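Asks: For the record, the sequence lines run as chains C and X.
Numbered by the working numbering, the letters in the first sequence go through residues 491 to 602 in order.
Numbered by the working numbering, the letters in the second sequence go through residues 28 to 143 in order.
Hints are computed from structural coordinates only; laboratory data are not their basis.
No false leads were mixed into what you were given.
Derived DEER-like restraints, expressed as beta-carbon distance ranges:
hint	chain 1	residue 1	chain 2	residue 2	range
1	C	Lys528	X	Lys97	29 to 37 Å
2	X	Lys30	C	Asn547	14 to 22 Å
3	X	Ala108	C	Met505	47 to 55 Å
Predicted model, so just to flag it, every value in this text is computed and none were measured.
All C-beta atoms, glycine included, are put in the ideal place defined by N, C-alpha and C.
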Amino acid sequence: DTEVTQTPKHLVMGMTNKKSLKCEQHMGHRAMYWYKQKAKKPPELMFVYSYEKLSINESVPSRFSPECPNSSLLNLHLHALQPEDSALYLCASSQEGLYEQYFGPGTRLTVT
Amino acid sequence: AQKITQTQPGMFVQEKEAVTLDCTYDTSDQSYGLFWYKQPSSGEMIFLIYQGSYDEQNATEGRYSLNFQKARKSANLVISASQLGDSAMYFCAMREVDNYGQNFVFGPGTRLSVLP
Numbered sequence: 491d492t493e494v495t496q497t498p499k500h501l502v503m504g505m506t507n508k509k510s511l512k513c514e515q516h517m518g519h520r521a522m523y524w525y526k527q528k529a530k531k532p533p534e535l536m537f538v539y540s541y542e543k544l545s546i547n548e549s550v551p552s553r554f555s556p557e558c559p560n561s562s563l564l565n566l567h568l569h570a571l572q573p574e575d576s577a578l579y580l581c582a583s584s585q586e587g588l589y590e591q592y593f594g595p596g597t598r599l600t601v602t
Numbered sequence: 028a029q030k031i032t033q034t035q036p037g038m039f040v041q042e043k044e045a046v047t048l049d050c051t052y053d054t055s056d057q058s059y060g061l062f063w064y065k066q067p068s069s070g071e072m073i074f075l076i077y078q079g080s081y082d083e084q085n086a087t088e089g090r091y092s093l094n095f096q097k098a099r100k101s102a103n104l105v106i107s108a109s110q111l112g113d114s115a116m117y118f119c120a121m122r123e124v125d126n127y128g129q130n131f132v133f134g135p136g137t138r139l140s141v142l143p
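Let the hints inform the model, and build the full structure from the sequences given.
Replies: Here it is, written out as structure tokens:
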């Protein structure tokens with residue numbers, strides 16, 4: 491099973507709202523990732539969790555707050571977003587080392 | 028500096044023909060991994076194929092093969108017998124070893140259109 495699930499599939503939120511994106515995998519992977527992807531661009535790495543500890547934070551604004559409650563779950567908490575944060579948010583997981591990442595279907599976020 | 032280069036923004040191929048998507052990379056590491064992903068219009072990133080830097084044989088997965096030329100730092104994807112469902116965006120990616128083994132970089136992508 492190489493499935494990574496993400497909820498919700500679509501999200502529309504105002505600039506004053508607080509919302510969360512959720513990601514789950516049951517492949518026993520110990521590394522999990524959040525990416526942001528704008529239209530016609532490659533995914534940009536936002537955060538990496540390794541063994542449930544935040545190991546990479548690619549200078550992402552504090553209005554994005556990641557959380558890894560356990561090795562299977564990854565959340566991205568959103569607060570006071572800007573319209574330019576509208577994008578596809580992808581979650582991925584992988585084994586440690588030089589292995590492929592498996593991606594979820596993504597959440598299409600629109601900030602109004 | 029861009030670590031992954033894909034020089035073909037868009038490619039067309041006739042159904043049932045083979046097509047090669049180009050990818051060159053830049054790294055000073057000896058140990059790294061190279062990957063190709065497919066992204067249909069639905070948005071999901073689908074893993075296609077992996078090549079390790081120490082692998083001597085080119086990777087193959089069904090209709091996909093990776094033409095790995097280490098000295099030239101190229102990792103081209105070959106799709107044989109193209110199908111209409113192959114129309115999508117294709118990304119080349121590289122993973123390098125760092126303290127966490129987590130550096131994963133994507134190229135700009137090539138949009139492939141398969142013509143009936």
